[in-house]
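Visitor: Residues per chain are reported as follows:
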Amino acid sequence: MRKIFLPLVVVTAAMFVYAPIAIALAPYESTMLLVQKIFYFHFATWMAVTAALTVCGISSAVYLFKGSPVADRIGAASAELVAVFTLFGLVSGSLWARKAWGIWWDWEPRLTMAFMLELIFFGYIIVRRFGGPGAEKLAAAMGIFGAATAPFIYKSTDWWRTIHPKTSVMRTLTDTPGGTIMWNVVIFCSVTFLILFALVLAARVRLEQLRGDLDRLYLAAED
Amino acid sequence: MFVRTALLVLKKDFAIELRSYEVLSTTLFFAVSCVAIFSFAFVREGQAPKDAAAGILWIAIAFAGTLALGRTFERERYGETLKALLLAPAPRPAIYVGKLLGILALLFTTEALIVPMVAFFFHARFFDQSLYLLALLSLGTIGYAAVGTLFAAMLVRARTRDVLLPILLYPVTIPVIIAGVRGTAALLESPADLPIASLWIAMLAFFDVVFVTLSLWMFEPLMTE
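Chains A and B, in that order, are what the protein sequence lines are. Residue 227, in this note's numbering, is where the first sequence stops; the numbers in between run on with no holes. Residue 489, in this note's numbering, is where the second sequence stops; the numbers in between run on with no holes.
Chain B on its own, in the form it takes in the complex (with noise of 0.2 Å):
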């Protein structure tokens, strides 16, 4: 039942993707524009600062993810449909994690152009370590994805929900944002840095247990209104 329902909830937003593209291109085009203007502000005769690829990309991911929750859940606002969907007689916690699953599908394909794209800018050796790479990228985004999705739920009923959304995520998710740039850049050493790369791999997995937790718990009391 908890599996289906998140499934069902996962393919009903994937089926309205698909008809507009609409979130993924805005989401894409915003974090292609991100990486553009912190080569602008970074980037010295030719050459960018030795770690700055490391946090271009994840302040590109966390940037282009506010947009993503923003969209999706302002969708569901405008058609009503979040009401009709807490109104359904299925687990809540199965919803979130189905809105929570849409939301990584949409940011790891994300992650599949920017990643490639900052490489290719910076002359960072993301590849090098691949695994270590997809550990960090695919932990740090499931962290935020999972207090995103929380929060920009709850900010459905809010006035200012555009404004509150930021302001709520980044402090929360700082612990998430740093571990991420830190584990990328002990990558991007050379030699690469891997037992610090591990390091910052399972400070991301503990807080992803500790938001997936925390968020999960609350998603319930949160949505009743």
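Just chain A, same shape as in the assembly (with noise of 0.2 Å):
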């Protein structure tokens, strides 16, 4: 990872100079128009949140039943960027919705349940620090329940009737004038996200690792 971090770092940033080139350059939803453009941002960083979940539910189960301090770092950091990705999924939806509905937010299942996975994953970050010694396990145990969430999340507009679009909108996109496009624009901005993802995930997973190194110093300078 640390040999193509750097030359991942600047393709990562050409692909984010380019993404709203390509965005602005996509055709026009038919009702939504201008507003409609924020939806590549909002899809492609849910994307990166299901991915920071699938892998922070698969290290939390491998660290509570293997007990390997990798995957204890790999949760962690991926927790952090779950909490970070859903903010600004909860963030730039609220904008949308804004514009589309005509309200900032509204109490619905879909949005209901991605406020729910915040406050998991805000519970998470709060016992790894304040929980004392021991608190990784717990921590591991709030990511196993929280990555439990996902399916419901990603189902709870199909199961239930709400505002927000449901998830077939997404394979009848290339069915609709222009949709060819609008799904390659689509499918850049979540490569870019994802790569984002793993690149500060790398990131943090490392600093989370000279820190382990540094207390095992410390302890062994002291004794």
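Because the hints were derived from the structure by calculation, they are not lab data. Honestly, I wouldn't trust all of these hints.
Said to hold, decoys possible - To give an idea of the interface, some chain A residues facing chain B are shown, with a C-beta separation under 7 Å as derived from the structure:
1) L68
2) F69
3) M120
4) L123
5) I124
6) G127
7) I130
8) F134
9) G135
10) G136
11) K141
12) F149
Where a beta carbon is used, it is the ideal one built from N, C-alpha and C, also for glycine.
Relying on the hints, combine the two individually framed chains into one complex.
Guide: Take a look at the structure:
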């Protein structure tokens, strides 16, 4: 990872520079026009949340059952990223809702579940910081419960009548005029956000590892 | 072996509780105070809003549940008996199930008082559809207590356990509370909206399966030092 880290940073930066241009060039959606453009980043953010949740759930389970410190670091780093990306997703969704629905927030299932996810992962961070000895395991349990909510959040718009678009909207995208271009931009933005997630995750895991090494050295020096 | 261990843990908790009634009486009193506080918050000119009873009932149960969970495990910590329990050559999940059954017994007793009380104070017709209400309450309580018992047990070692328990428990159990409140509110409509209530009952059953499975699976590694 360390060898390709810097080149990847450059590539991601270039992709983030190109993303607004691609979004601007994509055709207008028929009813929301300019307002719909926020969708490209909104969707991409939630793809990053999905990736972070998956990584967090798996590494938390591995840490809990195998006790591997590497899995613990990855779990902690990805949990923080879930919190960050969910916050970004909630904010971008709220801005979009203000223009598309006329309200900042609505207590409908998808939004409620997303808010709950944010609470769970703020809980994760609080536990890790203030939980005292053994907090890592507690946090890992939170991570597993958090990851278990992901399928519910995804399917919530199909199970209940809500104002949030259903999951099928993505599959029907290519059938609409100009849909293929929009689809390509969606994919481009999602890949950009996923690479960003991977980069930040790698940097955060490395930081946590160095911090652990430093603690060990301090302890060794004191003895 | 599994069932016997779980029942033994339950019997132990019952024996301690019957000596003093400490946790039961404090939980009951707290739940009653919750209902009173909500009545001050919602009632205008002698009338509560139509759906308020369902929300008040479930919030009182959730808050009282946190208190009961905290107190039950505080007692274990004080006597260092949880450590002794875990040292026993018994399957760990059985100990979890025993503790869970104890918490459930406490919460069901609390509900037996709170439900008639909310019905009485807020003119809520809870008992027109007793079977549906019973299903909602029992499934909701099981889901809430399953996660609560796991978290309270693993927080025994943490210094800030009193603060952390609600912080961890509420976000995770929000789906259960929502399903309980919405299901109960559907029962309170006139006529009662039974299809919607059944939908929420099914939802609760689903969450119960997920929560109980995850808790049983995680209890052993979480309680191992």
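Visitor: Compare the structure with each hint and give your call.
Guide: Cross-check of the supplied hints:
The beta carbon of L68 of chain A is positioned within 7 Å of a beta carbon in chain B (closest approach about 5 Å), and the interface hint is therefore held. The beta carbon of F69 of chain A comes within 5 Å of a beta carbon in chain B, closer than 7 Å, and the hint placing it at the interface holds. Taking 7 Å as the C-beta contact cut-off toward chain B, the hint placing M120 of chain A at the interface holds, the least distance being around 5 Å. About 4 Å separates the beta-carbon of L123 of chain A from the nearest beta-carbon of chain B, less than 7 Å, and the hint is met.
Taken as an interface hint, I124 of chain A checks out: its beta carbon lies about 4 Å from the nearest beta carbon of chain B, inside 7 Å. Interface hint at G127 of chain A: satisfied, since its Cβ lies 5 Å from the closest Cβ of chain B, which is below the 7 Å cut-off. Here the hint on I130 of chain A is kept, as its CB sits about 6 Å from the closest CB of chain B, short of 7 Å. Because the beta carbon of F134 of chain A sits about 6 Å from the nearest beta carbon in chain B, less than 7 Å, this interface hint is met.
Interface restraint check for G135 of chain A: the shortest CB-CB distance to chain B comes to about 5 Å, inside 7 Å, so the restraint holds. Here the hint on G136 of chain A is kept, as its CB sits about 4 Å from the closest CB of chain B, short of 7 Å. Against a cut-off of 7 Å between C-beta atoms, the interface hint on K141 of chain A holds, since the closest Cβ of chain B lies about 6 Å away. With its C-beta approaching chain B no nearer than about 5 Å, F149 of chain A sits inside the 7 Å limit, and its interface hint holds.
In summary, this structure violates none of the numbered hints.
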